[in-house]
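Those protein sequence lines, which keep their order, are chains A and B. For the first sequence, the numbering used here begins at 24 and goes up steadily by one. For the second sequence, the numbering used here begins at 24 and goes up steadily by one.
Treat the hints as calculated values from the structure; they're not laboratory data. The structure displayed is predicted, hence computed values, not measured ones. There's no promise every hint is true.
A pair holds if it fits inside one copy or across any two, identical chains being indistinguishable in the list.
With a Cα cut of at most 27 angstroms, we get these calculated DSS-like pairs of lysine-lysine [to be verified]: (1) Lys-501 with Lys-424; (2) Lys-447 with Lys-351; (3) Lys-424 with Lys-351; (4) Lys-467 with Lys-447; (5) Lys-128 with Lys-498; (6) Lys-447 with Lys-417; (7) Lys-126 with Lys-100; (8) Lys-498 with Lys-132; (9) Lys-447 with Lys-168; (10) Lys-351 with Lys-287; (11) Lys-214 with Lys-498; (12) Lys-417 with Lys-126; (13) Lys-417 with Lys-214; (14) Lys-287 with Lys-155; (15) Lys-128 with Lys-155; (16) Lys-417 with Lys-100; (17) Lys-358 with Lys-447; (18) Lys-155 with Lys-417; (19) Lys-168 with Lys-358.
Number of protein chains: 2
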Amino acid sequence: MQNFFFLFLFLAFGQSQAQTQLPPIKPLQNLTSVRSYREANEHAMLREFRNFLALPNVVGDSLNIVQNADFVVEMMKKRGIENVQLLRGTKPDAPPAVFGEVKTKGATKTIILYAHYDGQPVNPLEWSRDGKPFAPVLRSGALDKGGEIIRFPDEKSAMRINPEYRIYARSASDDKGGVVAILNAYEALRKSGIQPSVNLKFFFEGEEEAGSPNLGDILERNKAVLQSDGWIICDGPVHQSGRKQVVCGVRGDVNMEITVFGPKRPLHSGHYGNWVPNPAQKLVLLLASMKDSSGRVLVEGFYDDVVPFTDEESAAIRAIPHPDEQMKRELGVAKPDGAGALLLEMLNLPSLNLNGIRAANVGAMAANVIPTQAVAALDLRLVLGNDWQRQSEKIKRHIQKQGYYVIDREPSDEERLQHANIAKVRTFPGYNAQRTPLSHPLAKAVIAAVQTTISEPLVVVPSLGGSLPLYLFEKHLKSTTVTVPIANHDNNQHAENENLRLQNLWNGLETFAAIMMMRY
Amino acid sequence: MQNFFFLFLFLAFGQSQAQTQLPPIKPLQNLTSVRSYREANEHAMLREFRNFLALPNVVGDSLNIVQNADFVVEMMKKRGIENVQLLRGTKPDAPPAVFGEVKTKGATKTIILYAHYDGQPVNPLEWSRDGKPFAPVLRSGALDKGGEIIRFPDEKSAMRINPEYRIYARSASDDKGGVVAILNAYEALRKSGIQPSVNLKFFFEGEEEAGSPNLGDILERNKAVLQSDGWIICDGPVHQSGRKQVVCGVRGDVNMEITVFGPKRPLHSGHYGNWVPNPAQKLVLLLASMKDSSGRVLVEGFYDDVVPFTDEESAAIRAIPHPDEQMKRELGVAKPDGAGALLLEMLNLPSLNLNGIRAANVGAMAANVIPTQAVAALDLRLVLGNDWQRQSEKIKRHIQKQGYYVIDREPSDEERLQHANIAKVRTFPGYNAQRTPLSHPLAKAVIAAVQTTISEPLVVVPSLGGSLPLYLFEKHLKSTTVTVPIANHDNNQHAENENLRLQNLWNGLETFAAIMMMRY
């Protein structure tokens with residue numbers, strides 16, 4: 024109830040000041056109705072969310088992806104959304120986007136609300152014993168703070184659900200929570216008899232976590248139905264301070280995989296160790312050449328091409344509260360990378376991150392061997408000015424400069440005998456960064472709308488550390504995007520034990536209800 | 024039949040020369056009988072071996088280890104071996120050694136024949152789809168040379184089994200093959216009515232691959248029954264040239280595990296990458312500091328303490344054929360470590376080998392995360408003069424010198440905030456190298472005996488690259504050891520798709536029959 028109380032205080036006492044800075048806001052009454060509707064229906068919302076999360080949704084698992092799309096179709100139809108359909112590109116087997124729309128009488132503008140229903144790959148062995156990726160569990164709080172498993176509440180009970188509870192499952196926060204927040208925001212307005220201020224379209228993607236390889240194609244082939252005055256993207260976390268944020272840009276991203284080769288068959292480390300080169304040790308030397316101990320990337324030209332922030336963006340960045348000390352404590356980090364730079368500064372530089380590394384085994388399965396190969400998974404985040412292909416080529420050239428023969432497949436026997444160092448380097452489809460000017464009318468309208476739902480100042484971020492393929496909307500539809508995240512910042516997004524705090528879902532519902540009523 | 028033909032030629036025409044160098048040999052007739060017995064019984068031998076290999080035998084899997092020990096007990100009883108019993112140390116749950124003995128009328132000397140029935144850890148996912156670690160398959164040849172699965176032969180058939188066939192399973196070569204060769208050698212002598220020249224004892228260990236943590240204790244508590252005039256160890260591969268070898272020493276070994284810590288929970292690489300230090304990158308830098316690109320270990324004092332070879336040993340080493348060019352071709356190695364040194368030279372230096380490395384995931388399960396930790400498994404091979412504790416301490420000190428706070432457990436929250444670099448370093452129980460002088464009567468007797476089974480010169484190795492806890496026999500029993508390997512060199516020992524070529528098993532049987540008849 025705390026937010027609500029502050030909202031009341033703000034609206035009661037802060038209104039004249041707010042009016043000088045922000046466009047007029049929708050009456051408090053509408054948000055109150057939205058909240059009441061949610062409170063009365065939160066058991067049903069949680070049940071639906073849980074069922075949604077129980078559907079495995081890793082791209083490549085085609086059968087399950089289709090079931091997810093069907094589930095979203097049903098959610099939309101149940102809510103009276105019209106023209107519900109699956110949108111596809113030229114590849115019939117790629118995960119479809121789910122589309123629907125709602126016309127608003129007298130509205131002149133149309134916005135499209137975006138979230139994605141697919142999730143990051145999972146390694147079930149890494150999850151806590153009691154909650155597997157697609158067997159959602161409810162916990163009394165964060166697992167790493169001792170949150171314990173709670174039975175899902177009895178729906179017949181009139182008891183409110185503790186909003187500090189968290190639901191643990193793959194995609195709880197990234198990004199099925201987004202789908203659920205958007206659709207329930209619409210549901211709450213509709214059931215409360217509140218008309219949106221704009222025409223609404225809904226677009227739920229099914230392969231965002233695979234780098235959206237078919238999104239451009241889907242947009243291109245469905246241009247007509249996707250006409251709009253802007254996209255609102257629901258993905259990512261709110262600010263670490265817990266405050267809501269509106270995000271006007273994202274970094275780009277490209278994934279690479281490096282495989283270094285050792286002997287053709289695994290060898291006994293005693294009989295050959297010291298003489299047959301160890302591919303894990305080679306990979307270690309190669310990766311060590313890419314980054315120094317302060318985290319600075321040593322690859323030639325890595326920091327070139329960066330487009331600096333505008334004055335407007337720089338001013339916004341100065342206004343953002345710095346979570347650095349909080350995050351150091353929370354994550355157990357004594358000394359961040361970046362030689363003293365702030366988190367926010369570092370997130371606005373290109374990065375090279377080692378997502379994973381593997382050769383043979385460690386722990387109970389470790390054996391005294393020279394492995395046959397060693398593999399590293401990298402992701403390169405890109406800022407405005409970087410091109411994903413150019414950036415990944417810099418890595419390739421760096422590997423060549425370290426004396427490697429670089430190929431994109433397994434080496435032949437002849438190649439193994441010709442080249443002392445062979446690396447298979449794969450670059451997966453990536454995309455560039457994108458930024459919408461803070462002064463764009465869509466940005467201004469969204470910022471104003473979300474600000475109505477909270478009393479403290481909204482955090483406005485020119486560019487997020489994370490990535491979304493937002494450049495595609497510009498490229499194919501000449502359209503603008505603004506991102507409005509809802510997840511708690513400590514949601515283990517992309518990793519094991521991903522979770523969403525229920526209060527964040529409820530807050531997100533109000534955020535999107537406000538956006539649907541925005542003055543645009 | 025080829026070997027046999029050469030043996031005949033050698034004995035027919037080379038005898039006078041041989042007699043000046045070697046003690047008199049047992050009549051050829053005895054080895055002929057041994058071979059005939061094997062040929063008549065190879066189907067039954069293969070069946071028994073297959074059943075033995077089907078028993079999982081990784082140390083720690085206590086129930087299965089006991090079943091293996093029981094299986095060996097039965098094998099021995101079936102062969103009329105006396106006083107068969109399980110020997111234990113003070114820990115009742117540790118894998119027992121299986122003991123038995125055979126008295127020879129009139130013999131003045133006693134030898135103990137050693138092999139181990141446990142195997143290295145397995146990762147079934149790494150094995151070829153058709154042959155899991157404990158589901159033995161027969162192949163027409165080496166898997167990596169296109170060997171295909173063959174049905175196990177019909178025992179009723181009078182057809183000989185193609186000796187180029189290989190049996191694939193964990194421990195086929197390391198070291199259940201050793202148990203089977205020794206026991207069938209005895210069986211062949213007994214059934215052929217040939218009396219051994221010495222009293223025989225049999226000792227089959229059950230935790231060699233775990234570093235023999237209880238072997239010293241077992242030897243100490245069973246001193247009386249283990250009195251002998253020397254141990255013959257059956258483990259390891261024959262020379263890469265295919266020639267039989269007798270080995271008078273082994274390297275020592277100690278395993279270590281290094282864990283480097285990142286954030287307390289896994290993080291989205293976009294939202295924190297560049298600022299929260301990545302433990303995989305830290306580990307990469309740390310490991311890169313330990314070894315240069317030529318494979319030379321950079322850890323201070325790593326090559327100290329090495330006791331040089333005696334003149335006798337140096338002469339023996341000069342006589343060993345160098346398999347370097349063959350192995351480069353066979354393994355696909357363009358440039359070995361060691362800056363031009365020979366394999367045999369490098370195997371006589373201490374080594375540091377990266378057995379495995381792991382952080383988060385690669386391949387289909389890779390996700391855009393900063394992992395919470397990164398782990399490396401190392402093994403250090405030791406030569407005469409190295410002490411396993413001193414050697415592992417050098418690694419620890421090196422890690423500290425790189426700015427690490429080194430502990431042997433998970434760090435506390437306070438420690439994470441105090442230390443930028445934290446490494447958990449575990450050192451597992453290890454052991455030192457061991458060498459028996461080539462001029463020791465036991466070594467001379469074994470060399471002479473094994474030489475009787477082949478026409479080409481035996482390879483005599485002062486010290487093997489691999490490790491066995493042979494120093495324990497010296498320490499607890501003041502006893503001497505000589506090692507006689509039988510496995511093919513390309514047996515994938517310790518790794519996936521371990522295998523034994525049947526001809527090597529049959530050759531091993533004759534080798535041990537000759538040893539049981541040796542002039543000592």
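Against the structure, the hints come out as follows:
no.: 1; hint: Lys-501 with Lys-424; verdict: neither (40 angstroms within a copy, 56 angstroms between copies)
no.: 2; hint: Lys-447 with Lys-351; verdict: between (36 angstroms within a copy, 21 angstroms between copies)
no.: 3; hint: Lys-424 with Lys-351; verdict: between (36 angstroms within a copy, 25 angstroms between copies)
no.: 4; hint: Lys-467 with Lys-447; verdict: neither (47 angstroms within a copy, 50 angstroms between copies)
no.: 5; hint: Lys-128 with Lys-498; verdict: neither (30 angstroms within a copy, 94 angstroms between copies)
no.: 6; hint: Lys-447 with Lys-417; verdict: within (15 angstroms within a copy, 35 angstroms between copies)
no.: 7; hint: Lys-126 with Lys-100; verdict: within (15 angstroms within a copy, 88 angstroms between copies)
no.: 8; hint: Lys-498 with Lys-132; verdict: within (21 angstroms within a copy, 88 angstroms between copies)
no.: 9; hint: Lys-447 with Lys-168; verdict: between (41 angstroms within a copy, 23 angstroms between copies)
no.: 10; hint: Lys-351 with Lys-287; verdict: between (44 angstroms within a copy, 10 angstroms between copies)
no.: 11; hint: Lys-214 with Lys-498; verdict: neither (37 angstroms within a copy, 85 angstroms between copies)
no.: 12; hint: Lys-417 with Lys-126; verdict: neither (48 angstroms within a copy, 73 angstroms between copies)
no.: 13; hint: Lys-417 with Lys-214; verdict: neither (54 angstroms within a copy, 71 angstroms between copies)
no.: 14; hint: Lys-287 with Lys-155; verdict: between (37 angstroms within a copy, 20 angstroms between copies)
no.: 15; hint: Lys-128 with Lys-155; verdict: neither (45 angstroms within a copy, 67 angstroms between copies)
no.: 16; hint: Lys-417 with Lys-100; verdict: neither (48 angstroms within a copy, 68 angstroms between copies)
no.: 17; hint: Lys-358 with Lys-447; verdict: between (34 angstroms within a copy, 18 angstroms between copies)
no.: 18; hint: Lys-155 with Lys-417; verdict: neither (39 angstroms within a copy, 42 angstroms between copies)
no.: 19; hint: Lys-168 with Lys-358; verdict: within (22 angstroms within a copy, 51 angstroms between copies)
Hints 1, 4, 5, 11, 12, 13, 15, 16 and 18 from the list above are not met by this structure, while the remaining hints are.
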